[in-house]
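Enquirer: Sequence:
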Amino acid sequence: MSKLKIAIQKSGRLYEESLQLLKDCGIFINNGKDQLKVSVDNFPMEIMYLRNSDIPQYLEDGVVDIAIVGENLLVEKQKNIEIIQPLGFSKCRVSLAIPKEIETDDINYFQGKKIATSYPNTLKNFLQKNNVSADIHIISGSVEIAPNIGLADGICDIVSSGSTLFKNGLRETITLLKSEAVLAKTSQLSLQKVYILEKFLFRIKAVLKAKNSKYILMNVPNERIDLISKTLPVLKSPTVIPLAEKGWSSIHSVIDEERFWEVIDELKDKGAQDILIIPIDKMVI
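Residue 290 is where the sequence shown ends in this note's numbering, and the numbering goes up by one at each step.
Just so you know, these hints were derived from the structure itself, not from any lab. Hints may be right or wrong, so weigh each one.
[To be verified] Straight-line Cα separation of at most 30 Å, DSBU-like style, residue types lysine-lysine; simulated pairs:
id	residue 1	residue 2
1	Lys-210	Lys-198
2	Lys-172	Lys-96
3	Lys-15	Lys-42
4	Lys-82	Lys-172
5	Lys-28	Lys-210
6	Lys-235	Lys-275
7	Lys-235	Lys-28
8	Lys-42	Lys-96
9	Lys-105	Lys-84
10	Lys-275	Lys-251
11	Lys-219	Lys-287
12	Lys-275	Lys-219
13	Lys-28	Lys-216
14	Lys-96	Lys-84
15	Lys-10	Lys-216
16	Lys-235	Lys-273
17	Lys-172	Lys-210
18	Lys-8	Lys-134
19	Lys-172	Lys-183
20	Lys-241	Lys-275
21	Lys-198	Lys-96
22	Lys-42	Lys-216
23	Lys-216	Lys-287
24	Lys-251	Lys-10
25	Lys-183	Lys-10
26	Lys-84	Lys-15
27	Lys-28	Lys-118
28	Lys-241	Lys-198
29	Lys-105	Lys-214
30	Lys-204	Lys-82
[Stated by the list, open to error] Have a look at the derived ranges for each label pair, beta carbon to beta carbon:
id	residue 1	residue 2	range
31	Ser-147	Glu-263	33 to 43 Å
32	Asp-110	Asn-130	13 to 23 Å
33	Gly-117	Ile-154	17 to 27 Å
34	Leu-281	Ser-138	58 to 68 Å
35	Ser-138	Gly-174	17 to 27 Å
36	Ile-143	Asn-85	37 to 47 Å
37	Pro-284	Lys-241	36 to 46 Å
38	Ile-280	Val-199	37 to 47 Å
39	Ile-150	Val-289	47 to 57 Å
Every residue gets a Cβ at the ideal spot worked out from N, C-alpha and C, and that includes glycine.
All chains, full assembly: derive it from the sequences and hints.
Expert: Shown next, in the form of C-alpha cells:
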C-alpha cells in the first residue's frame with residue numbers, strides 16, 4: 006500500500022506543534038536519534054524531517070506529497086503548491102520595521118532607502134504595488150540588527166510577539182502578510198494517495214474543530230429552554246435532560262471559542278444557572 010509522505014521542519018518553531026498535531030490525529034511516531042525519515046505504524050504515512058527553506062521545492066518536485074509549513078514561506082518561494090488547510094497555529098506576520106525614534110508609518114519613508122530582509126520576493130512585490138523604489142539587502146538571519154550596524158534604514162522580517170524588534174530598538178509599521186501554519190500539497194498525487202490524504206484531512210478537521218469549541222452544560226428553568234437553545238447555534242440541537250427538581254432541565258451543547266464570553270453573558274441573562282465548561286478532545290460532525 007502507498008504511504009503518504011509528509012514533510013515537517015526538522016527544527017524550529019513549527020516542529021513541536023506539527024508533531025503535536027499528528028499526535029492529536031492519532032498518528033504516533035517512534036523517532037530514532039537523528040532520523041530524517043520515519044514510518045508510521047498505525048497510519049499509511051511516512052514523515053520526512055527537512056530544512057524549512059527546502060520544503061516548498063520538495064513539494065513542487067513531488068518528493069513529498071504534503072507538508073506542514075508556514076504560509077509566509079510558500080508566498081516567498083512562489084512555487085506551484087496548493088494550500089489545502091489552515092492549521093491555526095504558529096501565527097505571525099511579515100512586516101516592515103524601522104528605528105523606534107522615527108515617527109512616521111508612511112510607506113513613502115522607504116523611498117530610496119535600504120531595507121534588510123530574508124523575504125526579498127515578498128518585499129519586492131509589495132514595494133512594486135505601492136510604487137516605492139528601495140534598495141533590498143538580502144540577509145539570511147538576524148535581520149533585526151541591520152539598522153543598528155548601519156546596513157539598512159529599516160527591515161522586512163517575520164514578527165510574532167514583536168519582542169525581538171523592541172529589544173533591537175525597532176518598531177513595526179506596515180504588515181505585508183499575515184501567516185500561519187498550513188497543510189500544503191504537491192500537484193502530483195496518485196488516486197490512492199488522494200484517498201489517504203482525505204482520511205488525514207478528516208482527522209485534522211475533527212481536531213481543529215474541537216480546539217475551537219467548548220462543551221457546555223447548564224441548568225435552566227423549563228419555560229426558558231427554547232429561549233436559551235437559540236443562543237447555542239453550534240450543534241443541530243442541544244441535548245435536554247430533565248432534572249430531579251421539578252420544572253428544571255439540564256441543557257448540553259457546544260459553543261465556539263471565539264464567542265465564548267459573549268455567549269456566556271447571554272445565557273446568564275436568559276436564566277441559565279450552574280454553567281459548566283469542558284474542553285473537547287475531538288469533534289466529528
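Enquirer: If a hint holds in the structure, say so; if it does not, say that too.
Expert: Quick rundown of the hints versus the structure:
no. : hint                            : verdict
1   : Lys-210 <-> Lys-198             : holds, 18 Å
2   : Lys-172 <-> Lys-96              : holds, 21 Å
3   : Lys-15 <-> Lys-42               : holds, 10 Å
4   : Lys-82 <-> Lys-172              : holds, 29 Å
5   : Lys-28 <-> Lys-210              : holds, 14 Å
6   : Lys-235 <-> Lys-275             : holds, 11 Å
7   : Lys-235 <-> Lys-28              : violated, 35 Å
8   : Lys-42 <-> Lys-96               : holds, 27 Å
9   : Lys-105 <-> Lys-84              : violated, 35 Å
10  : Lys-275 <-> Lys-251             : holds, 19 Å
11  : Lys-219 <-> Lys-287             : holds, 11 Å
12  : Lys-275 <-> Lys-219             : holds, 20 Å
13  : Lys-28 <-> Lys-216              : holds, 14 Å
14  : Lys-96 <-> Lys-84               : holds, 21 Å
15  : Lys-10 <-> Lys-216              : holds, 26 Å
16  : Lys-235 <-> Lys-273             : holds, 13 Å
17  : Lys-172 <-> Lys-210             : violated, 38 Å
18  : Lys-8 <-> Lys-134               : violated, 42 Å
19  : Lys-172 <-> Lys-183             : holds, 22 Å
20  : Lys-241 <-> Lys-275             : holds, 20 Å
21  : Lys-198 <-> Lys-96              : holds, 29 Å
22  : Lys-42 <-> Lys-216              : holds, 29 Å
23  : Lys-216 <-> Lys-287             : holds, 8 Å
24  : Lys-251 <-> Lys-10              : violated, 58 Å
25  : Lys-183 <-> Lys-10              : holds, 27 Å
26  : Lys-84 <-> Lys-15               : holds, 21 Å
27  : Lys-28 <-> Lys-118              : violated, 47 Å
28  : Lys-241 <-> Lys-198             : violated, 33 Å
29  : Lys-105 <-> Lys-214             : violated, 40 Å
30  : Lys-204 <-> Lys-82              : holds, 28 Å
31  : Ser-147 <-> Glu-263: 33 to 43 Å : holds, 36 Å
32  : Asp-110 <-> Asn-130: 13 to 23 Å : holds, 20 Å
33  : Gly-117 <-> Ile-154: 17 to 27 Å : holds, 20 Å
34  : Leu-281 <-> Ser-138: 58 to 68 Å : holds, 60 Å
35  : Ser-138 <-> Gly-174: 17 to 27 Å : holds, 26 Å
36  : Ile-143 <-> Asn-85: 37 to 47 Å  : violated, 23 Å
37  : Pro-284 <-> Lys-241: 36 to 46 Å : violated, 21 Å
38  : Ile-280 <-> Val-199: 37 to 47 Å : holds, 44 Å
39  : Ile-150 <-> Val-289: 47 to 57 Å : holds, 48 Å
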